[in-house]
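Residue numbers (the working numbering), protein chains in the order written: chain B, 6 to 461; chain E, 6 to 461; chain R, 6 to 461; chain V, 6 to 461.
Zero decoy hints are in this set.
Pairs count within a copy or across copies, as identical chains cannot be separated in the list.
Think about it this way: if two alpha-carbon atoms lie no more than 20 Å apart in a straight line, the pair counts; the simulated SDA-like pairs of lysine to any residue are:
hint : residue 1 : residue 2
1    : LYS33     : GLU422
2    : LYS104    : PRO82
3    : LYS366    : ALA319
4    : LYS104    : SER81
5    : LYS280    : VAL52
Calculated directly from the structure, the hints in this document are not laboratory data. In this text, all values refer to a predicted model and were calculated from it rather than measured experimentally.
There are 4 protein chains.
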Amino acid sequence: MRNIVGLLRLKSKPDLRSAPGLSPAARKLVKLCRELLSDLNGTSNGVLAAEAIRLYETLDRPGRLAFFDLLIRDFSPSPDEVGRIAEDYRRDPSPENLKRLQHVVEPPRQELFRRLNIAAGGTRALIEMRRLALAGTESQAPLEPVAADLGHLLASWFNSGFLTLERIDWNSPAALLEKLIEYEAVHRIQGWRDLRRRLEADRRCYSFFHSALPNEPLIFIEVALTRGISEKIQPLIDPDAPVGDPVSADSAIFYSITNCQAGLRGVPLGNSLIKQVVEDLRSDLPRLRNFATLSPIPGFRDWLAREHANPKTALSDVMAGPETAGVLALLGQPRPDECEWPAELKQRLLSLCAWYLLNEKRDSEPLDPVARFHLRNGARLERVNWMADPSPGGMRQSAGLMANYVYELNDLQRNHELYTRAGEIPASGRMERLARNLAGSRKHGWLTRRFEPGIE
Amino acid sequence: MRNIVGLLRLKSKPDLRSAPGLSPAARKLVKLCRELLSDLNGTSNGVLAAEAIRLYETLDRPGRLAFFDLLIRDFSPSPDEVGRIAEDYRRDPSPENLKRLQHVVEPPRQELFRRLNIAAGGTRALIEMRRLALAGTESQAPLEPVAADLGHLLASWFNSGFLTLERIDWNSPAALLEKLIEYEAVHRIQGWRDLRRRLEADRRCYSFFHSALPNEPLIFIEVALTRGISEKIQPLIDPDAPVGDPVSADSAIFYSITNCQAGLRGVPLGNSLIKQVVEDLRSDLPRLRNFATLSPIPGFRDWLAREHANPKTALSDVMAGPETAGVLALLGQPRPDECEWPAELKQRLLSLCAWYLLNEKRDSEPLDPVARFHLRNGARLERVNWMADPSPGGMRQSAGLMANYVYELNDLQRNHELYTRAGEIPASGRMERLARNLAGSRKHGWLTRRFEPGIE
Amino acid sequence: MRNIVGLLRLKSKPDLRSAPGLSPAARKLVKLCRELLSDLNGTSNGVLAAEAIRLYETLDRPGRLAFFDLLIRDFSPSPDEVGRIAEDYRRDPSPENLKRLQHVVEPPRQELFRRLNIAAGGTRALIEMRRLALAGTESQAPLEPVAADLGHLLASWFNSGFLTLERIDWNSPAALLEKLIEYEAVHRIQGWRDLRRRLEADRRCYSFFHSALPNEPLIFIEVALTRGISEKIQPLIDPDAPVGDPVSADSAIFYSITNCQAGLRGVPLGNSLIKQVVEDLRSDLPRLRNFATLSPIPGFRDWLAREHANPKTALSDVMAGPETAGVLALLGQPRPDECEWPAELKQRLLSLCAWYLLNEKRDSEPLDPVARFHLRNGARLERVNWMADPSPGGMRQSAGLMANYVYELNDLQRNHELYTRAGEIPASGRMERLARNLAGSRKHGWLTRRFEPGIE
Amino acid sequence: MRNIVGLLRLKSKPDLRSAPGLSPAARKLVKLCRELLSDLNGTSNGVLAAEAIRLYETLDRPGRLAFFDLLIRDFSPSPDEVGRIAEDYRRDPSPENLKRLQHVVEPPRQELFRRLNIAAGGTRALIEMRRLALAGTESQAPLEPVAADLGHLLASWFNSGFLTLERIDWNSPAALLEKLIEYEAVHRIQGWRDLRRRLEADRRCYSFFHSALPNEPLIFIEVALTRGISEKIQPLIDPDAPVGDPVSADSAIFYSITNCQAGLRGVPLGNSLIKQVVEDLRSDLPRLRNFATLSPIPGFRDWLAREHANPKTALSDVMAGPETAGVLALLGQPRPDECEWPAELKQRLLSLCAWYLLNEKRDSEPLDPVARFHLRNGARLERVNWMADPSPGGMRQSAGLMANYVYELNDLQRNHELYTRAGEIPASGRMERLARNLAGSRKHGWLTRRFEPGIE
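Please construct the entire structure, taking both the sequences and the accompanying hints into account.
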């Protein structure tokens, strides 16, 4: 198997004395890592890897970060060697020289991580390492290479082909359900009674799992089965709401999606989640006709504030106008949801939101992260809902508004391609009119292409 | 996730017209692969990947090989780009330039394979691709890059940490047991009756499995529970042998190990297999004291013939002597196992075998592939057994002899290190004396270090 | 719980000396049974019951029969006591006296069996006891009480409410599949290859199981998915028949039903089997329209011979006629299926069979046992098929003919009631015409009511 | 199968008009029950039974009780017929007449219940019927026959041989765990946090299950793994108690046993529970040496009050003495556990309790129901503990005291026999001395036999 694993190259003389802050456990850990890598074919990896993981787990946070520093210092490709072989390749671009180059540019820590993974609990420990390296990265740029190498491995290992979708219900293990309570990030679960309500007959919950992390949800989604597409979040998360009949429901509302593992950030787990859930729901409940989200618009309020302070040309009149001033005044009240909103101010807030979702971009994609997620998946922006989430968080981020993104299986692929290739945002006529109203106040041209399924 | 997956680079103008032998299906497949790779974040991969896998499976063998050719022609790194970035790195060996270089040397087909894996049955199809690429490689050198890239991915995905050891018995699914009959490579299973005997109370069978290939054994091992370390294979594989009491057994004899997936050749699946099996057996049957193989010596007879024809200096007298001539004459008989073997000729054959196992090397390891496997694992060469396998295959490969390699959990790590670092072969005194007898006839010095557990 | 279990009464002075043939083990077993029964609340039953079962299993057949004799002699109700309490009840038919009477007429061995059941493997042992008692009964009338008491208990324990229907396929445990090969009684399974064919995509197999006998089929049914209602058995049981596409099948043919446990004879396990299988098939394969058996007619040939030798009035002309003589002559040939059958003789044989099925009764039900089973279930007699089973057994029992009984879910209940209450046999017009032809030759009146669904 | 099921006899002319309070649903239910019973072989039972169960469940409580009344009036043995056959038997006590008598004394509703059981959910419904009949019985004597017949069937169906012991832990389904919270009767579980603590590493929970009631605990037991035999309940049920290491524990304390199904009252489910749990714990945690309960003494305080008011001769001095008066005075305080108890009063209360447990009988067994349960099982009364449960319930029932009963596997059978046959109570010397102290004050003789394992 040498042809696969490759020969391992490490700096010949690691000098641990030059890492004065290193604890004895960390020194021993680094020594173990060298042994692990130096082993011809990895027979003993099980033992060494388990011991290395154990030692890592005894380290405190600074110890772990110091260990990462050493991984970067001592388990990186050698610039000299890379330079030399790159030069060989420049002179003779043969397949052999390419292979040598490929080999020499891979950091040895990559193979180290593969070998650590062999230990029981290894995968979990590596995810935790990446979580810490990512968290450390924000302040400490140097940890980025560790996070990147782990990310590369984890993205390969957590390839969608290795994930299984499972329904979670009240018959699931308590140890698993408890994690939903802990992880739920969008609409917090207030204990077991609340959780139980979210698993009743008119609710569904699905999660992706990986065989190396049994009973550990990776990403989960909560669904309400309703009549009509929901306009408000409160009835969906009210523990005391009466239980509806799932068979008579015509809509499945995805009201919460939670990524559970910080160490898997950036690994694309969720792409096929909603699609698979839609397929499962359709075969289970053939009367369902609408599959839609009820989503926060987390960047809206911040954008509004920034834009008001410093409007771009296209919106300068809008932002300077009395309606926008009125909107901001009402939003500044203690309980904006309890205020009387004149119709034109309501309209203005909705129009501003439609504009934000349809026209404000970062690179070629919408500024709003939730919009990016659903539009990449091939969903259509259907509606923004007035005071759909008047909770403090909902007001602070989204001015109380929430959006419905609709998933139509037949359109997902086409929408996805239009979005990713042409940068077009599939949206309902209503959404486009709302945004146009705003733009119309400036009479300028309009960019978003009208897109409704079955109409073009 | 772009930071993980990376931007994808393909030759800008693939010209499928210049691949005249390509069938329409293969053309469509290549087109799909391009789409799959060009997709921003892979939302649609599920659909495209499934369609690509389906198309691949409609191709005949020449069509598949032609597809591989295109993967090599069009989905490889661009030498120009690699050369350019290597040159950048040569001038400025910064982390950024290293990263660009790492990125540019990875063949795009690697990411293609990751995306194909998303389809249901994707992993199975990729293993099959590699099997074919490896088979094609023997004659057609150009397919090696496809085999190598797939091998790299599969080695990562089939990391020991993702394998689970399971016991197989008569309560296992018939669909699984049927595969044992099909795959068993060492001592063929003669139908269901034979299989059933191998799963009785005094036998054990274990296999590694991967979650992406349910009910598909990757590598399996067959064990007989006996009194004493077995000297002959026949009683272990006789379907009519009486069933012994496992509780009174003192020895577990590993009499067959089979790699099941040709497409996983070189992926180290078996390293920890025997060790884990020993641990499971020990906790299940605490009276077991010996854990040993009864193994073929597949290269012995060929070596003997080569050496006799053209002896190296150290063995020239031995090979020229009358005993060796007598040994070869008897081995040339139609049924050597039924001949009368004078004691000195028996002794000579055993000594030649001990010499072969202990002294004949390829690089720093034994010439014999089975010896390499067990010695890397940390086993000790204990004994060679007279006419242990008088079947035609056993005579042809191993002159009827078989070896016992002993696994002692406490010694595995030390043995492994001595073997891999110092090139020493842990062997019983008996084995060393046998080999020395032969050498003794030349009075030359002796190299193999005596090694017995607990004695040094 | 004394109110439930009741006080236990045994003959006060069992005299084992008067059972001279009893082995020491059997004596000890009887002693244990007494202890088991004398125990106040059965705390120690687990231990005593396990020991008793173990002892029973050491007995040879005569020993077991002698044990049964003692169960009858010593563990029966006391006639004196029964007489006395019956007399009390005659004088005063109060609820209390009824209760005393109920209690005193139950044989103590009934409670003994309940307590033996507590041991691990107890249920299995009791089924085996009943099998032996039934087998013994044919010659030895006295064992009947043991068989009857066990039958009473087992009928209660194996109540349909406690049985679970499970599909058996090639992924089922080999230890279970092996039992199908052993048990199949209608069309013998010729080894694993044959079995595997019967579990391919165009076949189905279902069995009832009970939680106390894991992996032990109680009654199983084999189904072929075909186009059209099968007329011949051979294509259904040919191991080399090409595998059809289950999705395009329109008919499910029940071609074999086997009761597996001789000790459960008379316990109604099969009543709901076909009905549940039909429901499962319908939801799995919505295109299925016909659910029918292809059944042997096991009493036909014997009846024909008896009737010919000694015809009843209604058939005396028919039996004396030249057609019947011709039929019998051809059936007497070595390979009747290879003979040329003139059309009128074919017709005569089919008519005789239709008559046999529709008109020959035992009490109020058909003489043919297979007909009784399906008609009680609510099926309709649809067709008899020419040379449908030309195997030696098929010729010997059924003159090569086989019958289709059709299960229509909507008619089962009505058919069942007509059959069980009015003694009417639901049959197709074709079957009635066939029988009438025969009768017509005598011009006498006709009894069977015409019955076709949706027509009346 | 007619020989097993028997012919069914019902009153020939049931007159539902004479049951004027009967609702239409109840009338229809009774009609269905007649059909169900009249069916020859029960083919249609599935349908009829399901419909009958459904109808029953639509009835309100009075409707159900009225239905029971009809079961008693119309589905009972006919006194005339019983009288006549009893008379036959009196004249000729032949096996045939006995059989007829057995048959005629069985109430037809027994067979009715067997047939109702066939419906999905039938078993559950029958258990519910018995619960209601038992509850009704306390006031309405006439329902006793229904409860008794159901009890007879359920005792047979829930025979220990059909129960499986399973460990419950935090990985069990939430729907099951929720039932523990609901059912726990001894020390109430205060929500999910409390439950979780009771399932931590130093706790165990086991339950018996029946295959007809999946995920429905029948009887469950909670165990604490401790060092030493616990004297106080509080540390065992404190949700905030630190989690101990189960491997270092030497004692398993059974601190709660709960029967879950009121409809199974009197069915002996618990006999083998503790024994099986002890065996499981021993193989799992070989260091455990003590297996003991910490049990309430629920009848003690009431007995004390009754005895004080109206002492029997043997205790008249004791009851009249100043110590007893002091004990009662302190027990009358608001928080007796916080009072200062003089040593002699403590001693007096413990002695009274020992006397109560060892000498106060109902029939031949102790008055205390918990003592009866454990002593029948073969346990030994080891100790009574001072203020072990100072909760309001503990004070009210047991004067704050709790008892340890010790389970030693080797002694269970002998203890059980001594107890059930000779009426002896196995007890520690300490317990006997405590009781004797009290008796000693009267100098009268002593009955309880000293019994300590390994000493006699």
